[in-house]
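Novice: Go by the hints and put chains B, C and D onto chain A.
4 protein chains.
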Amino acid sequence: MNRKRKIAVVVTARPSYSRVKTAIQAIKNHPELELQLIVAASALLDRYGSAVNYIEKDGFEIHAKVFNVLEGENLTAAAKTTGIGILELSTVFDNLKPDIVVTVADRFETMATAIAASYMNIPLAHIQGGEVTGNIDEKVRHAITKLADYHFVASESAKERVIKLGEEPDFVYNTGCPSIDLAKDVQISNLDFDPYQKYGGVGAKPDLEKYLVVMQHPVTNEYQDSRRHIEETLKAIDDLKIPTLWFWPNVDAGADGTSTGIRAYREFNKLENVHFFKNMTGDDFLKLLNKSMCLIGNSSVGIRECAYLGVPVVNIGSRQNKRDRGFNVKDVDYNKEEIKQAILKQIENARPQSSDVYGGGDAGEKIADLLSTVPLKFHKTITY
Amino acid sequence: MNRKRKIAVVVTARPSYSRVKTAIQAIKNHPELELQLIVAASALLDRYGSAVNYIEKDGFEIHAKVFNVLEGENLTAAAKTTGIGILELSTVFDNLKPDIVVTVADRFETMATAIAASYMNIPLAHIQGGEVTGNIDEKVRHAITKLADYHFVASESAKERVIKLGEEPDFVYNTGCPSIDLAKDVQISNLDFDPYQKYGGVGAKPDLEKYLVVMQHPVTNEYQDSRRHIEETLKAIDDLKIPTLWFWPNVDAGADGTSTGIRAYREFNKLENVHFFKNMTGDDFLKLLNKSMCLIGNSSVGIRECAYLGVPVVNIGSRQNKRDRGFNVKDVDYNKEEIKQAILKQIENARPQSSDVYGGGDAGEKIADLLSTVPLKFHKTITY
Amino acid sequence: MNRKRKIAVVVTARPSYSRVKTAIQAIKNHPELELQLIVAASALLDRYGSAVNYIEKDGFEIHAKVFNVLEGENLTAAAKTTGIGILELSTVFDNLKPDIVVTVADRFETMATAIAASYMNIPLAHIQGGEVTGNIDEKVRHAITKLADYHFVASESAKERVIKLGEEPDFVYNTGCPSIDLAKDVQISNLDFDPYQKYGGVGAKPDLEKYLVVMQHPVTNEYQDSRRHIEETLKAIDDLKIPTLWFWPNVDAGADGTSTGIRAYREFNKLENVHFFKNMTGDDFLKLLNKSMCLIGNSSVGIRECAYLGVPVVNIGSRQNKRDRGFNVKDVDYNKEEIKQAILKQIENARPQSSDVYGGGDAGEKIADLLSTVPLKFHKTITY
Amino acid sequence: MNRKRKIAVVVTARPSYSRVKTAIQAIKNHPELELQLIVAASALLDRYGSAVNYIEKDGFEIHAKVFNVLEGENLTAAAKTTGIGILELSTVFDNLKPDIVVTVADRFETMATAIAASYMNIPLAHIQGGEVTGNIDEKVRHAITKLADYHFVASESAKERVIKLGEEPDFVYNTGCPSIDLAKDVQISNLDFDPYQKYGGVGAKPDLEKYLVVMQHPVTNEYQDSRRHIEETLKAIDDLKIPTLWFWPNVDAGADGTSTGIRAYREFNKLENVHFFKNMTGDDFLKLLNKSMCLIGNSSVGIRECAYLGVPVVNIGSRQNKRDRGFNVKDVDYNKEEIKQAILKQIENARPQSSDVYGGGDAGEKIADLLSTVPLKFHKTITY
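Residue numbers (the numbering used here), protein chains in the order written: chain A, 421 to 804; chain B, 421 to 804; chain C, 421 to 804; chain D, 421 to 804.
Simulated from the structure, these hints should not be mistaken for lab results.
A few of these clues could be false.
Any copy will do: because identical chains look the same in the list, a pair fits if it lies in one copy or spans two.
List time: in silico BS3-like cross-link candidates among lysine-lysine, alpha-carbon distance up to 25 Å [to be verified]:
#, residue 1, residue 2
1, 485, 426
2, 698, 711
3, 485, 517
4, 618, 690
5, 797, 742
Here chain A stands alone, though its shape is the one from the complex (with noise of 0.2 Å):
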């Protein structure tokens, strides 16, 4: 019998694990797999919402940690903790030898694996390839496809656009995106939790009746802007006086603009209806978005998950500019009459239907299949 294959999956922060989770999932339970589970960068971090303690609550052994989060939130900095990733994450690739190494979309810091990876000579798997934003994870998310052998993308026009960067056609799969499977589980359920007791969390406790979801990341290439676009978000839904689930944004240069915007606006305003959490599981989380009445912010979980689910979205500003969308988004500037507008407007409107334009909730398990089966190699030529 043939030694199974070693799967090496780096998860550098939280929003990352949410969008693999299935595939981690389906790997370890692959009979020819063996995962290799990685955990880097603000995954292990408090500050940034300890991917690591959900990780380790699923039930995923963690082979290898790397803290390698240089403190700044500068952009100096973010340039610095890939190199110290490449340092740290080489040493692990040493140690581990996996036959495939998996990193997942497009934050500066998945860099590091990309290019740990290929500079070693071991196979590269990229989830995510071929969308388009608008910020410094284009210029990134693009590199990694070319750095990488094997490209799980999550919709037809990603899978289009990897093989017109020259990409071989027969090693460009559509799986669909993860964070849609663990959508299909939440889309029948209930709120089978209080959030408030389960999280903690501060501010208001607002009634669970009737609410909205705000998350908002800081913008990298707008870094000088980071306060003031979140303070627009803020003076509208202080306006608004409507229950709200108010999510802290992830760490990225910028992080302090938006999180001291967040901090200096609540010493001085009320908030009555606002309840701020730090953190929660994937499954809560969509669980609250699958129930609430429109979610606001700029994730990438409105444009995803949310089209599948049939939730409303108010999408504010440049981030998911470019990326395919299903029926449920509004996009706005960042304008508190807008983002007013666009809330009232999205609560008016009957629920928007659902979207497989982003999988239909299988890609964990075709990517673990996928993993197995696909021939090794680290060498590839443009294909023009």
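Specialist: Just chains B, C and D, lined up with the frame of chain A:
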């Protein structure tokens, strides 16, 4: 009057220096540009030809030296060298605050320049993107294209390829290759120096009337085979008994195989007609090439400068695969007999015609002019 | 005329800055010295009080900023932070080419300064060696003494200890502690500002007639116990119901335990008389201390500045073990009752007499004078 | 039954390996100890004799390899090599979770071991502290003593010195030097191999009846002079025309000067009686030494092993200043004539008497026994 634009050029290896020397000179001379020259990696090291000495002799002031080569000469060390490069270069960019950073070609460690600059929101120019080879350079080169904001390519087919990669055509410029600028200068020159006296080296000192030149680098993704490869070439040259000037390879994962192969062969074989050089100024090297009967190996000089000069080339193995060729190249495998036969053919044939497939000798000036006029930007979106 | 000596001072944390501020000022003012100020580590970070802001407000030009704090707040991160510090500081020293490097006290990351300087053959001056505490600082402090070429110690017993460590007596100088220079300035000053207005912070705003001050840091080698320790202090203060100003701890492995302890206690308890500050200029902090009834915690300010000022101190736990004391300190264990009783005793007693055990207020000037006259050397031999 | 204690030994260079080999063997054999062997820095590199190959041939399993030598061979690179060493070793210690870490002697990069272990609260044992030389090693050695918890010293005077440094006498053990254990084994052996055949090397192959051995390292703090120093020795040996075996220096800032000096001299001079070796097993080296007429250079082997073996030594320059001597050493300056005269004197004299100043040949066993019984602790206070 406007402040001059600060242009930081990062040189990481001896061959890269030759490839940008005229651009560096043109930037220095340009009335609206201020040159910030950064010398890094193997360009600083004795073992790899100390490009830094030539740079200083050429009269360029060096604004920062970055030591980042981690010893080991294995693939892990290549990854870590890149990680350290990011740590160091981000500090340098923080200090120098360039308006544009220029990175050259596709060596693994150039990725450090590209990541540090792009993550710090500094506009990034890439010289010599869009070409096709077939090893790790291939991944690196196109990944850097996806991180870069301006593309100074060396041929029409390279330009087409960069545009196909989703880059905005307005920012892709076929300047030709600056290395051709140097070739132009020496085309009509004579061999006005004694290479043995000027550059030392070891081995025989054959007569310089009719001679061959050899330059063969290890190929990263065939690491294990480096030694076997070089031995085929050594045996072919040994058999032919034609006067030969052999140039030591530059650093790369695998250098050990190649270098050890040469050293070991010399211990046990006479190589009566072969002299070994560790390094030489680009100018003198081109003069020697220009007067030689044939260049053997896998150096890109054979593909580029020799196309312009009309020097016959026997190109061995996969390293220059799919790069545009002039009229001067015969491709062979790692095989003593094939190599011998090809050399004999090339010597018999008439001197090949000159080709401007890699430019007409004014690339440096064109690049400097563009650097002084392109709009400053570090934000882009894929074109499809 | 001779070139001025370039003196590089590396400041890595808020408390270290207070401890060398007058030396920095005296170096800046000295006609034969040129100040090169380097701000590094937690001194640059919001979370730890942004010493950098005070440094700039004090009118000092910063020659280099070194971000080297690796997030994680565990012991591995402390080691790695030091490693990154060496990488970065050696580049800075290479650029600035100081004649002497000055490092302060005994925080773990100061070892990076000491190693970078001594390995680069730059004469190294150490301020505040020779003292005795009883944690990792103890190892760091004496190891730095063995790397340093000049020793500017703060007391006679420290001087004796450094000499016993095998250092040449000619290069061990009892200058007193520069922090006493600052205390001297505020000794006769009044509380001329409203701390709530000037520094914000959270919690109650008790009357500032008769108040306590608390400052308690985690103790590295009792990592697990940090939270339990702080809770004893929290309960003691909560019970006493005396107006209290509480200062947030600075970074250290274990900060999490202490910080989390404070945060958690505040969630569930009123602490009606307590206000929490994140940071304050050294001057204002000393003014507050000078007018306070008692300082509680384990800060070295209690041992040093308060000795000179004659402020009563309740010193908790092992952190200041074996440091010289004036007439003002009562030592207690991590125990709510002991802490309470000691505070009540200190409040009842007459104000302690001033002591010059840590210097008479001219340490900064003495240090600058010595830096201008000591022979430059980086070579030494143990004296026995 | 109790779990075995895990003992991590970090070997960073060829000479350090010889110095702890019997301790490593004894730890491996000890019923209550589990060996964790870490090979790092120049011990992994071809250029410096690949200690790693000998370690593997000796049958030791290697638990981690740490590449941390940054190329440059200047002082900045030495500092950075140490910084990278801390980054890497802290990861290794995190993975292996040793009960005690063992570091050897005083090379600059051993500081990385000491800092990583002590900062991570792992008990640290130091072999060969307390000695006196007179260069950067001097600073490093005593600084490591101040970081270490257990001291395994090689002589009575070293023991006294460590105690004077404020270490608790209960934790300072004169075990003798493990290198003497090896010398004991070869003392009665014959030259049972042909060194030219077994180890290759370059140069003449003089008869091995009556021969000299040379081993001279660069001295860090006289960096500029390395080349001049080695030339004096080269000329002295060249003049004497006595058969000579010359051993290549190991890495150090300055290696370039020494190595370049040797290479250059060989280009222009015949050195008809000299053979150059790059490396040799410790055993074979000692057998050669034991049968030689005299050792020339500045290796500590001359001071230690040769004291026990009774081999005459001409010790050049300051590198071994103030180390205890047996009856076998003649000290000279960097001066061709002095060196020649001293060699001739040593050859004429009777063979010196054996001395046990560095131990009686059972140091390895003593160290292993102590490691199995010392109380585990990482907390200490200076004794005065």
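Novice: When the hints from earlier in the document are held up against this structure, which numbers fail?
Specialist: none
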